[in-house]
Amino acid sequence: MAVATMPITKTTSIGVSTLQIARRAVLRYLRTPQLIVLGTIQGAMFLLIFRYVFGGAIAISGGIPYVDFLVPGFITTGVLFSGMGAATGAAEDLEQGFVDRLRSLPVPRVCFLTGRALADTAWNTWGLIVTAAIGFAVGFRLHDSVVNALAAFGLCVIFGFAFEWLFIMLGLLAGTPQAAQGMALLVFPFTFISSAYIPVSSMPGWLQAFASRQPITYMVDSVRALTQGQAAETLIGHSAGYLVVRALLWALGFVVVFGPLAALRYRRS
Amino acid sequence: MALIIEARGLTKRFGKTQALDGLDLTAESGQVVALLGPNGAGKTTFIRMVATLLRPDGGDLRVGGYDVRRQAPAVRRTIGLAGQFAAIEPAMTGRENLEMVARLFGQNRKNARSNASSVLEMLGLADAAGRLVRTYSGGMRRKLDLGASLVGAPKLLLLDEPTTGLDPRSRIELWDAIRTLVGQGTDVLLTTQYLDEADNLASHVVIIDHGRVVAAGTPAELKRRVGGKVIEVHVRTDDDVARVAQVLRRFDHGEVRIDQATRQVSVSVEGGGPVLMNALRAVEEAGLEVEDVALRQPKLDEVFLTLTGQPSADAALETTAS
Numbered sequence: 316m317a318v319a320t321m322p323i324t325k326t327t328s329i330g331v332s333t334l335q336i337a338r339r340a341v342l343r344y345l346r347t348p349q350l351i352v353l354g355t356i357q358g359a360m361f362l363l364i365f366r367y368v369f370g371g372a373i374a375i376s377g378g379i380p381y382v383d384f385l386v387p388g389f390i391t392t393g394v395l396f397s398g399m400g401a402a403t404g405a406a407e408d409l410e411q412g413f414v415d416r417l418r419s420l421p422v423p424r425v426c427f428l429t430g431r432a433l434a435d436t437a438w439n440t441w442g443l444i445v446t447a448a449i450g451f452a453v454g455f456r457l458h459d460s461v462v463n464a465l466a467a468f469g470l471c472v473i474f475g476f477a478f479e480w481l482f483i484m485l486g487l488l489a490g491t492p493q494a495a496q497g498m499a500l501l502v503f504p505f506t507f508i509s510s511a512y513i514p515v516s517s518m519p520g521w522l523q524a525f526a527s528r529q530p531i532t533y534m535v536d537s538v539r540a541l542t543q544g545q546a547a548e549t550l551i552g553h554s555a556g557y558l559v560v561r562a563l564l565w566a567l568g569f570v571v572v573f574g575p576l577a578a579l580r581y582r583r584s
Numbered sequence: 007m008a009l010i011i012e013a014r015g016l017t018k019r020f021g022k023t024q025a026l027d028g029l030d031l032t033a034e035s036g037q038v039v040a041l042l043g044p045n046g047a048g049k050t051t052f053i054r055m056v057a058t059l060l061r062p063d064g065g066d067l068r069v070g071g072y073d074v075r076r077q078a079p080a081v082r083r084t085i086g087l088a089g090q091f092a093a094i095e096p097a098m099t100g101r102e103n104l105e106m107v108a109r110l111f112g113q114n115r116k117n118a119r120s121n122a123s124s125v126l127e128m129l130g131l132a133d134a135a136g137r138l139v140r141t142y143s144g145g146m147r148r149k150l151d152l153g154a155s156l157v158g159a160p161k162l163l164l165l166d167e168p169t170t171g172l173d174p175r176s177r178i179e180l181w182d183a184i185r186t187l188v189g190q191g192t193d194v195l196l197t198t199q200y201l202d203e204a205d206n207l208a209s210h211v212v213i214i215d216h217g218r219v220v221a222a223g224t225p226a227e228l229k230r231r232v233g234g235k236v237i238e239v240h241v242r243t244d245d246d247v248a249r250v251a252q253v254l255r256r257f258d259h260g261e262v263r264i265d266q267a268t269r270q271v272s273v274s275v276e277g278g279g280p281v282l283m284n285a286l287r288a289v290e291e292a293g294l295e296v297e298d299v300a301l302r303q304p305k306l307d308e309v310f311l312t313l314t315g316q317p318s319a320d321a322a323l324e325t326t327a328s
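So the sequences go chain by chain: C and U.
To convert a position in the first sequence, counted from 1, into my numbering, add 315.
To convert a position in the second sequence, counted from 1, into my numbering, add 6.
Take these hints with a grain of salt, some might be off.
[Said to hold, decoys possible] Below are the BS3-like pairs computed for lysine-lysine, each with C-alpha atoms no more than 27 Å apart in a straight line: (1) K305/U - K229/U; (2) K116/U - K325/C; (3) K161/U - K116/U; (4) K161/U - K325/C.
These are computed hints drawn from the structure, not numbers from a lab.
Working from the sequences, and respecting the hints, build out all of it.
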């Protein structure tokens with residue numbers, strides 16, 4: 316077998332390794348049609364339930380229709396739902412021996428994480444497009460510039476990327492896909508105790524204290540302000556810029572805290 | 007001869023379990039080394055150390071002359087690992103799997119493609135190369151897993167229980183594939199629980215138990231020590247068990263083993279067919295009725311019993327459990 320000789324102590328480049336690992340994870344998603352169909356149906360179902368079942372009972376002050384209030388929250392928290400795929404994916408890679416294979420190859424250690432994060436971000440972005448399309452189909456409309464709407468979309472991609480580090484860490488910590496799913500489900504209550512689906516002002520005071528300060532609320536509100544303009548800013552009580560800066564700081568915080576923790580966990584696994 | 011593996015006083019502890027307890031092992035280049043031992047003997051721990059997946063607690067380990075602690079990337083370019091759990095991607099085709107590993111080895115697209123092709127060809131998987139691995143049989147997956155460890159053209163191939171759980175036909179096919187590789191000059195370290203596998207593939211067998219080397223040598227040397235083959239006679243009535251044992255004692259190399267519950271008597275013998283015929287004739291002359299007779303390789307437990315005078319860790323575990 317003719318193999319190009321290469322220096323024996325050299326590791327393969329980070330770029331090539333990351334892309335190869337990401338490609339594999341993306342193919343896993345794409346070639347499991349059940350995952351795509353089920354994910355889409357689930358997302359659509361919950362959106363319809365909130366929009367048509369609960370929606371009638373939830374009044375938003377300031378004259379914003381509930382669908383315009385809900386969809387930004389739904390799209391933003393959608394990255395947490397698709398993020399579960401990152402947790403189970405990482406756990407499967409560990410359980411099925413892919414991590415072992417990788418670590419026996421001359422590949423830089425960090426590439427498992429960068430490859431997964433890249434693939435899961437692509438997967439997330441696809442989910443965002445689908446959710447947004449369903450949102451528009453059930454009556455969601457933009458009340459601000461298209462540029463701001465695109466910025467909001469970009470923010471969601473960033474939020475998804477930030478949460479991935481948490482999910483990858485949980486996946487590596489859990490060790491089995493079932494346990495990973497269980498741990499990822501613990502994140503869900505936090506989407507409800509936020510401004511995603513209902514105004515925080517309707518919660519009891521002690522809960523408001525938490526709900527109005529937690530990262531998901533800042534993220535949802537920044538997307539809301541960028542897509543709904545003045546009316547949303549008035550409702551939230553802050554400018555879009557104020558919200559975006561805080562949301563991005565939280566996102567950065569997630570990467571800074573959970574990135575190294577995931578790396579540490581990977582080294583030990 | 008250059009040493010491909012050089013382990014001195016290796017230790018590794020997992021909680022309360024001493025997985026490796028001062029393991030010494032050297033393997034020369036040009037050999038197929040089989041690491042033989044029961045479950046929990048430390049085989050997998052050792053192979054994972056050679057693969058740089060585990061760090062030794064103590065002792066020294068050099069692979070291809072490189073230190074596993076300080077020169078891990080060089081060790082990783084020297085080895086190819088095929089595991090107990092076939093680490094290949096079911097959602098990718100056979101070819102895609104091999105090309106990915108080749109690219110991760112640092113090969114460019116063109117080399118990766120041609121290496122994947124020649125490995126697929128060699129393993130007889132060329133026809134299935136474009137199919138998703140999901141549709142492969144267990145034996146095909148195991149072969150592809152072996153292939154994934156080959157695309158990097160490693161100097162040393164590490165096979166952790168390569169045929170565990172395979173049907174007999176796939177097992178023999180995989181053996182053939184491994185033999186072809188050896189013929190091409192690849193060094194192999196494999197772990198197994200089966201004596202016949204070590205006998206079939208290896209030129210040097212190292213028996214380990216409790217994280218230590220119990221015996222080492224060529225298959226022929228070890229077989230001489232345990233006494234070639236085992237004759238196993240199964241009789242119909244309880245009373246005949248003792249009588250058959252009496253007859254077989256004459257052919258005995260080590261000790262007659264009697265299992266009253268299954269009405270089975272076994273003896274280690276030297277040589278094969280002729281001894282079996284003599285033994286059968288003797289049983290017949292004694293007027294005993296035989297249900298079933300077998301001439302087989304000694305089982306791992308019997309090897310341990312002979313070599314160490316003690317049951318293996320595995321057998322000991324079973325005894326305490328029952």
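Hints, one by one, checked against the model:
no.	hint	in the structure
1	K305/U - K229/U	holds, 11 Å
2	K116/U - K325/C	holds, 20 Å
3	K161/U - K116/U	holds, 22 Å
4	K161/U - K325/C	holds, 16 Å
In terms of the numbered hints stated before, the structure departs from none.
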